[in-house]
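There are 2 protein chains.
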Amino acid sequence: MLALTILGNNSAIPAFGRNPTAQVLQTPEESFLIDCGEGTQMQLSAYKIKRSKINHIFISHLHGDHYFGLIGLLTSMSLLNRTQDLHLYAPPELEQLISLQLNFASTHLSYNLHFHPILEEGVIVDGNRMTVTCFKMQHRIPCWGFLFRQKKNPRKIDAERVKIYEIPAAFYEKLQRGEDYVTKKGTIVPNEEVTSAAPKPKSYAYCADTIYNESIAEKVKEVDLLYHETTYLKDLHERAAARFHSTTIQAAAIAKKAVVKKLLIGHFSSKYETLDAFLEETMAVFENTELAIEGSCYII
Amino acid sequence: MLALTILGNNSAIPAFGRNPTAQVLQTPEESFLIDCGEGTQMQLSAYKIKRSKINHIFISHLHGDHYFGLIGLLTSMSLLNRTQDLHLYAPPELEQLISLQLNFASTHLSYNLHFHPILEEGVIVDGNRMTVTCFKMQHRIPCWGFLFRQKKNPRKIDAERVKIYEIPAAFYEKLQRGEDYVTKKGTIVPNEEVTSAAPKPKSYAYCADTIYNESIAEKVKEVDLLYHETTYLKDLHERAAARFHSTTIQAAAIAKKAVVKKLLIGHFSSKYETLDAFLEETMAVFENTELAIEGSCYII
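Protein chains in written order, with the working numbering: chain A, 7 to 306; chain B, 7 to 306.
Derived by calculation from the structure, the hints in this document are not laboratory data. Note that the structure is predicted; figures quoted are calculated from it, not measured. Fair warning: there could be bad hints in the mix.
[What the hints assert, rightly or not] Covered, in the sense of this in silico footprint (three residues per stretch, anywhere, with C-beta under 8 Å from a C-beta of chain A), are these stretches of chain B:
| # | segment |
| --- | --- |
| 1 | 16-24 |
| 2 | 30-42 |
| 3 | 47-61 |
| 4 | 75-84 |
Here a beta-carbon is modelled for each residue, glycine too, at the ideal position from N, C-alpha and C.
Build the full structure now, drawing on both the sequences and the hints.
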């Protein structure tokens, strides 16, 4: 299972109580922070999300509404005496900014910050339980999308039944991988007799700011949840294109083409006070859609 | 009259719903923004303060809780198509940061941003109605205080009475300066007959982060309102000194020594959930004290 909490769903200027973009993807073990607009550290507090579980932060691009809250979060983590390593994946220019800001303040972080510049498409995190891949968005400046894919979980061992068959603990890892057990007498114990299937691995794709670009569909094919920006309603498709953003029905078209399970839309323009029309227009093309609402947690 | 609105009253890490430092000093004509912690643009919206009236921004020092909200505010002003010039007074290093952040985002501001590096004590704004002077604080990194002093207002002309004495309009400016009028026949019309005194000019001193430093009192002598930081309660005076901050009774001692009319205290440490003890301790030494509370407007 994955749980995605929206910390900010607005584009550019904060408006109508909506904050700039930030999301946190949580697993039982750790949390992944995706973009970090101004005020993210306050939103983390407001929604009781533990900063100590965040070990990886991903910044899609260097427009302020996606990263102006980062330096505040990094320094607050240090003031709170964090000691765990923190990994930051971002366009290369960000490293210089952070280092200048820390220098001007005479601040030395209490933890190791590992800066991983994003230079090309591919796997950027290959953890025990999750891989994260980045792929190009098409925006006014270099911009990246992120695909989070849980690794296949090991099968679950039935403690009672392995005892009955007297299977030695040394063989458990093989059982978890799905192998059958052969007793000393040569009898086969089928794997299904002593294990059960693990939950299916889940996937989440985050498509940051982008003009409508059909080739994205290939990158996010069949994910469980796709987040795609919808800065504008469909009537403003010309403005959307001019500013390298997308409309409702364009996001829906990508979701449809990619055959995703569910679509989540956000990055709403500050010109809109209410969001109902975003949902209506998108659902007309791709029904299983939800609005990204701040503080809401979407279970994947 | 001056009106001071507190947008953030906390130090370092946002906590208990309290935001990092920012204040806005308003006159009928324009507003002066003093420090600009993360989230200041949201606080300006929350308290309905017009960004368009802000023509001068003052940054005391480059610790993040005093300026991380600046770049967001500057870019939002541009997204809102501001055209008026904006003047920024800050430690010189900030210019490079802003220019990098704008470059990385390929952003050109819609208005002229005039950067005024603060290099030494003295007058930094000499406007028609207000002078602003900066003076040194004693902190871990270079840090400035700001003294806002209204200029003497012209005397108010009584429209009825100048008609009775047939005083020509060409003489009005002299009347406003307090001169008597002499008629063609040589009769003296005393200034008080046709004008009334303007309201007394007001003064506000902002003392940003500082260790206890008696010499500040001389700089802020007899101001109408003194803001002085009180990061800690009095029992933590050693911690305060070690971190170049002040306690309640230290701020009160400065207010007393400077014979100010009123003291406002803020920049509370994130370790304190409630603030009552701050007020009690400070008032025990300097009675006319108030807590800087976010959203509250203090009339000077």
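Going through the hints against the structure:
A count of 4 residues in the segment 16-24 of chain B with a Cβ less than 8 Å from any Cβ of chain A is obtained; the coverage claim is therefore met, three being the minimum. Counting residues of the segment 30-42 of chain B whose beta-carbon sits less than 8 Å from any beta-carbon of chain A gives 0, not enough to reach three: the coverage restraint is violated. Given a C-beta distance limit of less than 8 Å, the hint that chain A covers the segment 47-61 of chain B holds, as 3 residues qualify and 3 suffice. Counting residues of the segment 75-84 of chain B whose C-beta lies closer than 8 Å to any C-beta of chain A gives 5; at least three are required, and the coverage claim holds.
Comparing the model with each earlier hint shows a violation of hint 2 alone; every other hint is respected.
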